[in-house]
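These protein sequence lines map, in sequence, to chains U and P. The first sequence runs 17 to 458 under the numbering used here. The second sequence runs 257 to 561 under the numbering used here.
By construction, these hints were calculated from the structure, which means they are not laboratory data. These figures come from a predicted structure and were not determined experimentally. Some hints could be false.
To be verified - A few chain U residues that face chain P, going by a derived Cβ cut-off under 8 angstroms, partial list only:
{"#": "1", "residue": "L61"}
{"#": "2", "residue": "R145"}
{"#": "3", "residue": "T239"}
{"#": "4", "residue": "G240"}
{"#": "5", "residue": "D267"}
{"#": "6", "residue": "P298"}
Quick reminder that beta carbons are idealized off the backbone N, C-alpha and C, glycines included.
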Amino acid sequence: MFESLSDRLQDVFEQLGRKGKLTEEDVNTALREVRMALLEADVNLKVTKDFISRVRERAIGAEVQKSLKPSQQVIKIVHEELIETLGEPGRLNLSGPAPRVIMLVGLQGSGKTTTAAKLALMLRRDGRRPWLIACDTYRPAAVDQLVTLAKQINMPYYEEGVSAPPPDIAVRGLAAAREAGATVVLIDTAGRLQIDEAMMAELEAIRDRTQPAEILLVADAMTGQEAVRIADGFNQHVGLTGLILTKVDGDARGGAAISMREVTGVPIKFLATGEKLDALEPFHPDRLASRILGMGDVLTLIERAEQAFDERQAAELQRKLLKNQFTLEDFLSQLQQVKRMGPIGQILDLLPGMGRLRQQVNIDNEDAQRQLKKVEAIIYSMTPQERRNPKLLNASRKRRVAQGSGTSVEDINALLKQFREMQRLMKMIGKGRMPNLPGMFR
Amino acid sequence: MTSLRKGLARTRQSFFGRIAQAFGATEIDEDTWDDVEALLIQADVGVPTTLRLMERLKERVRRDGITRQDQLTEALKDELRKLLTEPTPLNLSGRELSVMLIAGVNGSGKTTTIGKIAYRMRLNNRKVIIAAGDTFRAAAIDQLKLWGERAGVPVIAGLPNSDPAAVVYDAISAARARHAEVLIVDTAGRLHSNFNLMAELVKVRDVLRKVIPDAPHETLLVLDGTTGQNALTQAKKFQEAIDVTGVVVTKLDSTAKGGMLFAIQQELGLPIHYVGIGESVYDLVFFNPAKFVDSLFENGDEDEE
């Protein structure tokens, strides 16, 4: 794992000491670290250089705000400049006579077909009537893949196998969709290299004959230095209107986004964040900026916590907290909520300042998962009465539970101790003695 | 943005202008070192490896009294080659049935690579069977079957969304019944950061082991050649989970250089076996360290870089 930029800068400034203004020396020292962080995040070298010179201009002589340390001041400037560079999130431009055409382009394996289905689903939820058109006649079974996905989400589609030229399929598909009253048409094209002139000419033909409102480059968030050439190549040939980053649920820093945005000037419109067909999210420049800098992403964490935590359950839990009726059943459901937020290590990565902690404690995801499983097994082996009133658990009951869950009596005692701790904590929160954890108990 | 575009065009010229010089007979100066750094970083070699290489190179300049830039290029190539090892032959013979497991992140090119490897093996008169272990992605089974047809190799498949471990089990039985020599097991693409999917992959491996205790005899990780620094993390995580024995790097027919292979070989000691260079069944070549290093110094397309 990379050390986070905030950790690094803290080290640098500890050596430099505290001053009221950022001197040129401070800034240059700090920017060397920033440069490394950006390159490690796969931001293109040239793009990095331009970015660094912009930050240098802003930072030299800047006042260090009273509430901030110099390292934080530099991070603030870098972060702001990065957000500016990443630009405003782009919205789809779908005004004009229906059906509007969205064309998806990109390299092989970047995720165009899956993204086409995700976009269609999102557009239908927004009240539009999307159609999918299968124009990848090259990759074996690509048409089948789009058809399978379309059927999964009950989406109308057009395909005619693999023998016709893709521009012809696109035109006929558009006509069929128009006939059927579609308002948006998504054209899935074959993956291709931007240096493949014949294949790029084919994209131009599809574009010229369907007049898309949107031509979106679907690009892998893990892309390296090549990102600049990919984005530039596609933009030169077909004229992009936006970017979609895929596989953002991985742990790549995603610096390719900056490179592609800089070289094309078109907005990033969506992020694809998972295997499920609803895993397509709007792009938030501030979050991506934090991620690229390795500064954690509290906002994402909070949002994930909110999603994982069912509103009704939250209200019910709050009621129980106030009445001091928190049981092992609630404890279990709490654990499961946390589990839904993702592996523990991943959650820690999202918290700023945790990078260092994580190195120190070396949290083992597998171990954490195993622990959670164990706790689940123990609680499931209890009777409903025992779950509601753990005091019932005498030595013989504990032995039974241990046997049933494949654990030991010590494990059960440890869990009960943990539970009592949690009960105590809950009581305090319930009485308002501790600040609410964001997104957890509202 | 237009200024940036112009800027990039400018760099293209000056970069190559300088590189041409750099690798000509001129003297070594600060610009030379900047160019070396740019060359390595832009090839996705990564910051730590680049810094280490530059240090070693500077030391050689001092020690060997290198003064000219063409000598420097040779020294750099030499250092780069030292980071790579010649691939060992795949451990897929000398027993009744050898098993090769293929894994990687989504879209890295596993299925395509399997088609190409199977074709290559069949040309060498080996009896190959493919197991369609990607039961998750829509139409992955159809895709693999089409590749099987191209390669002239049978594909054993279950139903979509069935348990991949069960498919693998059936495929072993089929391979034994038909006296196949090599079984290639495809798996669904998965991000190395997805705990549950990685656990599923371990299960597939364990099922193989249950039936054939020393299997899989090769576990190849398929890496997308356009991937940046995350490739190393991917390789680490897959190695931890399923003891990867080697790497295939794909999409190197693009302008990407695949420089992360240096770190992967250095840090993880994984041999790189094949390189994917296109979409046809022939577009797979053995990894050649010397050629790979030379390719880092090629300009590629005229108006690229």
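Right, here's what the structure says about each hint:
The beta carbon of L61/U is positioned within 8 angstroms of a beta carbon in chain P (closest approach about 5 angstroms), and the interface hint is therefore held. For R145/U, the interface hint is violated, since its Cβ never comes within 8 angstroms of a Cβ in chain P; the closest pair sits about 22 angstroms apart. About 5 angstroms separates the beta-carbon of T239/U from the nearest beta-carbon of chain P, less than 8 angstroms, and the hint is met. Annotation: G240/U was flagged as interfacial toward chain P, and the flag holds, the nearest CB pair being 3 angstroms apart, inside 8 angstroms.
Hint on D267/U holds. Least Cβ distance to chain P is approximately 5 angstroms, under the 8 angstroms limit. Using the Cβ-Cβ criterion of 8 angstroms, the hint placing P298/U at the interface with chain P is not satisfied: the shortest such distance is roughly 21 angstroms.
Comparing the model with each earlier hint shows violations of hints 2, 6; every other hint is respected.
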